[in-house]
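Novice: Join the two chains into one complex using the hints; note that each chain is given alone, in its own frame.
For the protein sequence lines, the chains are A and B, in the order given.
All letters in the first sequence, in the order written, are residues 942 to 1124 by the working numbering.
All letters in the second sequence, in the order written, are residues 10 to 544 by the working numbering.
Check before you lean on any hint, since a few could be wrong.
[Stated by the list, open to error] A short, non-exhaustive set of chain A residues, derived as facing chain B with CB atoms under 10 Å:
#1 Asp976
#2 Arg1043
#3 Met1052
It should be emphasised that the hints constitute simulated quantities derived from the structure, not laboratory data.
Note that beta-carbon positions come from the ideal geometry of N, C-alpha and C, so glycine has one too.
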Amino acid sequence: MFGMIHRSARTMVLEQFGPAAWDQILASAKLDDGDFVSAQSYPDEVTFRLITSAADTAGLTVEQTLQAFGHHWVKTINTGVYANVMAILGVSIVDALTNLDRMHASIQIAMPDAQLPQFVIVSQDERAIKLAYYSKRDGLESFVLGLLEGLLNRYNQPGSVAFSGTDGEARLFTITLAPPLAA
Amino acid sequence: MDVGLTGGQFENFFPCYLVTNQALVVQRVGRSITKFLPDLLPGDRLDKWFIFDRPVATPDPAALVRDQTPVQIRSIDGRLHLSGCVVEQDFGFLFCLSHSPGRAATWSELGLTVDDFSLADQSLAISTAISLQKTLNAELQETIENLRTARDEAMAASRAKSTFLSVMSHEIRTPLNGILGMTQVMIRETSDEQTLSRLDIVRQSGEGLLSILNDLLDLSRIEAGKMALEAIPFDMFELLSGAHSAFISLANNKGLSMRLDIEAVRGRYIGDPTRIRQIVTNLLSNAIKFTESGSVEVSARCIEGGLEIAVTDTGIGIDPAKFSEIFGEFRQADTSINRGFGGTGLGLSIARDLAGLMGGMITVESRPGEGSRFTVRLAIARKNDREAEIDHAEDALPAPVSLDSLRVLAAEDNEVNQLVLRKILEQFGVTLTVVMNGREAVDAWTSKPWDVILMDIQMPVMSGVEATQLIRKQEALTQRPSTPIIALTANTMTHQLPEYEKAGFSGVVAKPIQVGLLMQALLDTIANLETGTRA
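Only chain B is shown next, with the shape it has when bound in the complex (with noise of 0.2 Å):
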């Protein structure tokens, strides 16, 4: 078919069209070559305006016609790109040429409209695409930066709520030791069998809402990245059994049995015994709080690369399409639980978080109405013999000791703190010598000498951290022998804990006070007195 076209209709077929004869010279030129080159006259050579990029090879007009070469070329002043193909015609070769696409970021400086692009090929169109995809590209661009600012100020707020969840559980363990302290003291003054129980209520109602700031306070570590794990050598079999006992009569008033299957992982291991025992309980707790008869199991063995510890029930159960859910944080497999059952819903999410961070999981197998099997997987080694034999010397108590002479100054700004800590030690003998805060602490220290010193942390005037720095550089000046100083603080998140070291604390006692372990911190500080290690 041989078709015939006017030069005008050629020219908007191809508006950068050029006709050669066979030495390049340059015959005819398309108005949008002219356009921008307008000194191009017929008679110049090509190649006084144009390279070559494409043939590479010396341009032939009739090889370029012959083998269909695909030619680019470009104008010596770098405006123009133009590509296309050769064409042999009675007045001579004639170019067919469009702006390149390539080109098309540069159309719109360049100057080039609607005009300047053939009405039969698609230069115009991709670069039209090509600057719509920049237009796109801008935009996701803007769409991430928004997510991220989103992302940024979810995260501010989160950790806002985790300060205010730490903040408050500060603030409510304060009242709270006045509460647990004093009624200790009071069980321990009181025979009237009717007002023990009352006081009893007192007490586990108080450790109830301890146990739930403590859950809290757990969260808040966990999403601030403050949550640091020890590793020290512990009995793995002790740990299970301990948590196994502790909940036999918890058990027994239901009604449920209570197995225990743990002699595969008898040994020492390296962790931390009590986030473990913090999953292990939670996991029971959970497991009789669901159970209305049967029994509950703890069940342990080893694995490769750690150990498997499995709490299994006989009770309620859970809906497989609800698995994810239990272990989300305020979550409970359904919202009537709450009312039922009680609890916070965070206890499995902690301990999910906390089987994380010792690079395990916890699985959940279970069926309604035919109970469930939690599994914990810990990544976490057993010490060999001869390490865990060492171990055991260490753990020796030391002997008991009197404490009826022991001279004890507590800096405490709290009058219940103060009433709490006089009480307790009263019951042991010890009388007990108050002042305000560390200044008033660092004044009586200097004035006579103490057996120990129990030091609160936030005071007014001066900090606990800052009288015991200050004691402790007094004590290097003078060559005083060192006083053994015991930080009392509801702030013993682990990461505090270097901290308070670092200032010379000998020990910290955490808040509400819990009589035995205050009393065991005072017997290991005169141990050490005694064997002369003092801190």
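Next comes chain A alone, as it looks inside the complex (with noise of 0.2 Å):
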């Protein structure tokens, strides 16, 4: 994975945790330099121990803390640098689905060597949005899943999200709409 997302990690350590529990992170990831460059590729590898270690240290699951990492990642893309980006999904929870895979196409033009995932929407109604997610990494639904509630966040749209099972290569989710969208 990119630095970017590492880099995200940190900065969600350091505001709950503090820096200790960052340089326990990396101590425990048996990881020397805490210092990622967004645009930067890391083996998953590191990605995943990053991870587990933060779980560790934090006391929570994996899905937990990838789940929480979702959140804070729709934060990191929100503010400073990133808003660019972000601002082309739209104004709404829907825009924002809606367009979400071609903001993906987009960076992934930017940089070539990125495994972004895809989406694409399956089924969508005033209730509830079907989302196909495609990814050639496992194991991330938990992040996805708190990306998708960070989004409902982010466009002040009351609401949930549920992972609904896989249909050959998707990973579905749910995303509930409460209330409805206006007609």
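Specialist: Here it is as structure tokens:
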């Protein structure tokens, strides 16, 4: 994964647990250097070691940690230097989910070596949106779940997100909007 | 190949399209333009809403099509910047336009979203790339700041280390003064051979410790950028042969032969003889230390822009892979060397830094088992013969003078140092009057005349510098003849010397006191008194 993810994870740990916890996480993940570079690709194994170690330190499961990180990731890209990229998602949760895949596609062109996920809206009505998520990586469903919850928060849209199983390669998420969108 | 597209398909490719007639009257408008300019309607002239950045010439739709001219337009309100080309269709001139990537920085302010970009062109990706680039630049800036902070912290730590070394060296010097001073006094008073040989070991050990302290102090001066060099005339031949002679007995003890080949550099030079001697002494000391049989040679020759001094030995040699390491601080080519041969490992580092400060360098050629050759190149100027003669005249030593009747006042708060001073001077027939601080020194000076005052620098109540300033001020007011005041201090960093001179000191003698140097300073003072050239 690209260093921007690790940097965001570092910010989350620093904000919630302080520098000592970050040092501890790096040490238990056997990582010498906590200075990740956004545009540099790091082996996935490094990322998972970091997440596992963070979970240990925070006393959470890996899934809970990934979910919390999904929320934090939306915050990261919504503020500061990534805001310009985030803005092109549009002004509502529906816009954002509709445009999520094109945003990732455009980032993929800017960073050709990144392995970015694909998102496809499978079905949608005023109550719920069913979203298919495709990735060459396994084990990140909790992260996507947290990320989608983060998007609901970002667009001030009350609602909930649930992982609703797989369909072939697709891993499906249901975003329930409550109250339903105005027709 | 003719391609047919529905309106919706076409609009996905060109959300910012426009259709005009030959007179540039708008016929149709793409959705991304309508989003931002909802009042732009078919029938409006294009120039009511847009100005052309390109073409620069007055735009003619037929010519734009014929010449495939790139088109760039901006809305008069300044928000939209569009670029693309014009094709002719049976319904009019079709402007196939996209939001210009050059304006990507303002896209989020404008409120552009994914929908405003073509599925077919890469303007969205370019925008994203530009935005990410901004992110990376910000990150780089942050990294630079972090590195700068880390560098500042490291430098502060290094300065703290230098200060610590300097303070410690100073603190150790004071008791060492007692040890070395008293040993010198006792050696002069003893005739018993066994006691003398034991005292000599005490003296040698003390001097060894002093030499380590001096290395540490030099290191901290160099690191603090406070190593100032002198530029005075000196005789290079004397310097080199003197350094060479000092090692002959040590070399003889090891069965080594010592050679000297320095005829080529006879003459007077301008430079810092103390520091040049230090470099050569250091190289010689290493050469003898690491040579078990054979010879050690000092040679020198003139080169363009200065001279070259080489110390060559037939010792154990150095692996070329270790060349860069041997000049490092606290480093020796092999850590086991320290145990086998002793030494702090500071000498070569200091020698290299000193040579560097003199605009020169030290190089090494060596192979394990085949000896080493260290070469010092110094950018140093030789004086012409006439100047040299004048120097020689200045060098003439004053005639020996009796010290019996000398009235000497010493201000020194440390009792051990008082005793050392008293004993040393007693051996020359001088009776010393001792006071405890600068204040008492000023009082004693006020009450009666003195031939010379020996003044410690750091004292309670009033420092030596303050006392000297006060005395000089009083002398000026009362027109009393100037009393020579010699500073006795462990603080003999070159940068402090002008401070002492400014305060009115007539000379400086370093602690631990070396009997010879102290006596020379007293003799100089008396010589000045007698020739009426008081400081």
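Novice: Quick one: which hint numbers does this structure break? Sort them smallest to largest.
Specialist: No hint contradicted; all consistent.
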